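S.K.: The chain contents come next:
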Amino acid sequence: MSPCSRRKMTENSHPGLYVHVPFCKTKCPYCDFTSVPSLSSIPDWLAGIKKEMGLYRDRLPPFDSLYLGGGTPSVLSAQDFSDLVRSLRRTFSFLDDVEFTVEINPDDVTSDQALLLRDLGVNRVSLGVQSLDDRDLGFLKRRHTADQALRAIETFKTQGFATLGLDLMYGLPGQRESSWMKTLERAVSCSPEHLSCYQLTIHESTPFGELRKTGKIPPLTEDKEGSFFLLTSAFLEEKGYIHYEVSNFAKGEENLCRHNLKYWKRTSSLGLGPSAHSYQDGVRWWNLRELQAYARALEQGKPPLAGEETLTQEQVYLETLLLGFRTREGVDAEALTARKGSREVLKHLQQAGVVEVVKGKVVPTVKGFLLADSLPLLFAE
Amino acid sequence: MMAHERPIMTPIRNFSIIAHIDHGKSTLADRLIQRAGLVEERLFRDQILDSMDLERERGITIKSHTITLPYVSRSGEAFALNLIDTPGHVDFSYEVSRALASCDGALLLVDASQGVQAQTLSNLYKAMEHDLTIVPVINKIDLPSADVARVKEQMDQELGLDPDQAILCSAKDGIGIEEILEAIVERIPEPKGRPENPLAALIFDARYDSFRGAIVSCRLFEGKVRPGDVIRFMSNQASYKVEEVGIFRLSREPRDQLVAGEVGYLISGVKTVSDTRIGDTITLHANPAPAPLPGFRDVKPVVFSSLYPISSEDYPSLSDALEKYKLNDAAFVYQKDSSAALGQGFRCGFLGLLHLEIVQERLEREYDQAFIMTVPSVQYRFTLQDGTTISVDNPQYYPDPITIASSEEPYIRASIIAPERYLGAIMKLCLERRGVHSRFNYPAPGRLEILFDMPLAEVIVDFYDKLKTVTQGYGSFDYELIGYRESKLVKLDILVNGEKVDALSLIVHSDRAREWAVQVCDRLQEEIPRHQFKIAIQGAIGGKIISRSTVNPFRKDVTAKCYGGDITRKRKLLEKQKKGKKKMKMVGSVMIPQSAFVAVLKTKND
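Those sequence lines, one after another, are chains L and E.
So the first sequence is numbered by our numbering: it starts at 1 and just counts up by one.
So the second sequence is numbered by our numbering: it starts at 382 and just counts up by one.
Bear in mind the hints are in silico, worked out from the structure with no lab data behind them.
Given the structure is predicted, the values throughout are model-derived calculations rather than measurements.
Cβ coordinates follow ideal geometry from the N, Cα and C atoms, glycine included.
Check each hint, because a few of them may be wrong.
[Said to hold, decoys possible] Restraint ranges, calculated between C-beta atoms of paired labels, are given here:
1. E/Glu907 <-> L/Pro303: 51 to 57 Å
2. E/Arg895 <-> L/Arg339: 55 to 61 Å
3. E/Asp695 <-> L/Lys27: 46 to 52 Å
4. E/Asn933 <-> L/Ser178: 24 to 30 Å
5. E/Gly961 <-> L/Gly138: 37 to 43 Å
6. E/Arg895 <-> L/Gly353: 31 to 37 Å
7. E/Gly961 <-> L/Pro303: 33 to 39 Å
8. L/Ser178 <-> E/Gly879: 39 to 45 Å
[Claimed, not checked] Derived lysine to aspartate or glutamate pairs resembling DMTMM-like cross-links, with alpha carbons at most 25 Å apart:
9. E/Lys959 <-> L/Glu344
10. E/Lys915 <-> L/Asp373
11. E/Lys957 <-> L/Asp373
12. L/Lys361 <-> E/Glu624
[As the list claims (entries may be wrong)] A partial selection of chain L residues facing chain E, derived with a Cβ cut-off under 7 Å:
13. Tyr198
14. Thr201
15. Glu204
16. Leu236
17. Gly341
18. His348
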């Protein structure tokens, strides 16, 4: 097991803590995250999480972010939720201004729950709205309606959470740009501090993946995908949101997701729960995917590891590229141009308006974000 | 006792099988070997003589093999039948002629449904030049489309052979094999020559063995040779001491000696096949023949292309592979070459386009090399203003146009045989390829032989494929070099995003330059993957752009999500792509796949 505390951490590189809550009431047909569509194993999971925490007890510096993701963390009962958060607080230390995010499904939202979250210290809510069009929601087989989503937003607004983030999805089959823009406009009119706008991605092993194979969900053309993306970016920037990662927008610097930035900047983070990934100092390790296997390992006092890798210098470089080109942080220009032939490539990319060089960093433009998956290869020898 | 001086020898017959490609030569050879009982039935693999995978796959014989078959005739007499296999392609016509020179007769094999084809004719002419006794054989009579009467008529009219002498056979089904063997012993004359004369042995093949060096295949016309003799190659006076002689069965069988009339091998400390010359005469140092056997000439490459390793670090490995390959292929020549776009490489010379393809495939398969091969070129001649003449087979050395007084390029005489109905299509193709001085023969009703004088440069790239297409597979092709003719030549350069890709440069006739330039630009447009930026591909003569195409940039490839659990997977994908990138050549900031350099050679089959 890779200890998360080999060196003293500087103030601005506190590690982040992630807890995976692998439960959903129903499984969405596009989702390839680890989740079980049954709530009956929650006790096993909670016991496992507590044991896993124990493996890291007293060995870690304070966290400045805590993120409960899933799955659907909001399916946890008030009691389980409190139990989990209290255990985390007992076992680990957190900075006073810790960013504490919970992913919530609109159909789970009640004022009581919102109050409980606030009392437990949650200051950032990521609400899985997906769409404000009932037809889209039906297609996505979400359990909520547009009205429910708007009420959920209202609930969190009135409870005074520091940051409210909305998850939205576009590029659904047959969706017009105008209908997506309507959802986006309605979402923005609720003044969320953060927006994640994901293009619908069809993963092979999902029900949507099956439909794609049989031709029932035809893929969008590249041009269409591109124009959805550019439209989204232009609209939100105009509304004062910073497009700081491919799919993420924040109203002001103070609303960037501190936790997710740790993944993109390759800062240390500890992940608890089935399939959760952790990273520190060039070592990444990840947990067993199946809840039962995960729980059993911990039951036997073993770390629930599924895999581990120690990155070579070249691998670190590749990750720096592939993550850097996804954010407005960009990639250190000096590191890039040290490679053979890369000055020439850089010149062409600048001319094509794909990247800019800003203060020693090669930063993707919005057009560059669209190409973020292929840019790294140009600088890899 | 004179027995060891003049042993009572088994009577010998030396023969070849000649045929147009695919008329069943290898299958017939297999049957003859099988009938001779050299291979147990259960161990028999089809086409024993085609030992290279490549030959088996392509169904053609690249390197000839020779085998001595024991045969007891119907009359009860035992014979030694030497089957001298010949390479089946025009690129190797000199090798074919030397193999035929080693024979006294030939089986002329004609496909019962396809009839007489271009190489049937050219091979027959070659055999006749060597005064060989021809045994006509009509093969594949089992095919539903077989038309024996028509083929017999063609034999009579086109070949001037007595159709009644033709043996009907199906090598596949083993029909007619006995009759063929009987005809070999009855019709083909016994070899002449006297063992007591000074040694005169014709080299018709040589192959390399990593333990023994060069193993020379030869036909003894006069004299005898045995281990311990000091022999001399008459072309260069090099002397060697004979280590071993013997005959070919399925493997080599050493003998005490080889005598006049026999066909066999000779091992004599010759290190590589390049030290032997096909067509050379071997004699004894102490008692040389008065004159070499006729027909020897130095084989010179006519098609040239450069090889570059995909990655510069593979240069030593490619160099090593070429050196090893060369051991077994005397016709292949190479020297160092370098390109601004592709780095260090080799300029290679080949006997023809098929030879080039064979070398390419063998280097890839047997020597595991990955490389880029440039557009093949012929050897051009330029007379400069100062009166000097230079030969150029590499576009890089195209002289400054101002200094050129006149230019010449090599021409061939192309012979195409096809049903008459394809005349229009063939004429069109040949005229497009700058064919001139066309002549026709009507060897048989409905059949046409078209003769054209054509630049060699026009047939080394995809001419044969094109011919097959326009004649729906019925056209057959053969050619011979007829010398140099004056021509208007220019150098075409290809630029990718403004950078000249010297490996794609080409010397071309000025009338054909634009067409070529357009084709190359189109091909590259298809082959170069889209980048993040626009790529301009241009064809230029001097500073003048004559063609242009564009690879549009792609717009989007990004995936929506990348969080903690996605990073490893994404990195692994990138690592995989990085490996794929190694198969690309970077020209400036453009990745050009290896396949693009090959694809520019292929015209569209429209």
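S.K.: Against which earlier hints does the structure fall short, listed by number upward?
M.R.: Violated: hints 2, 12, 15 and 16.
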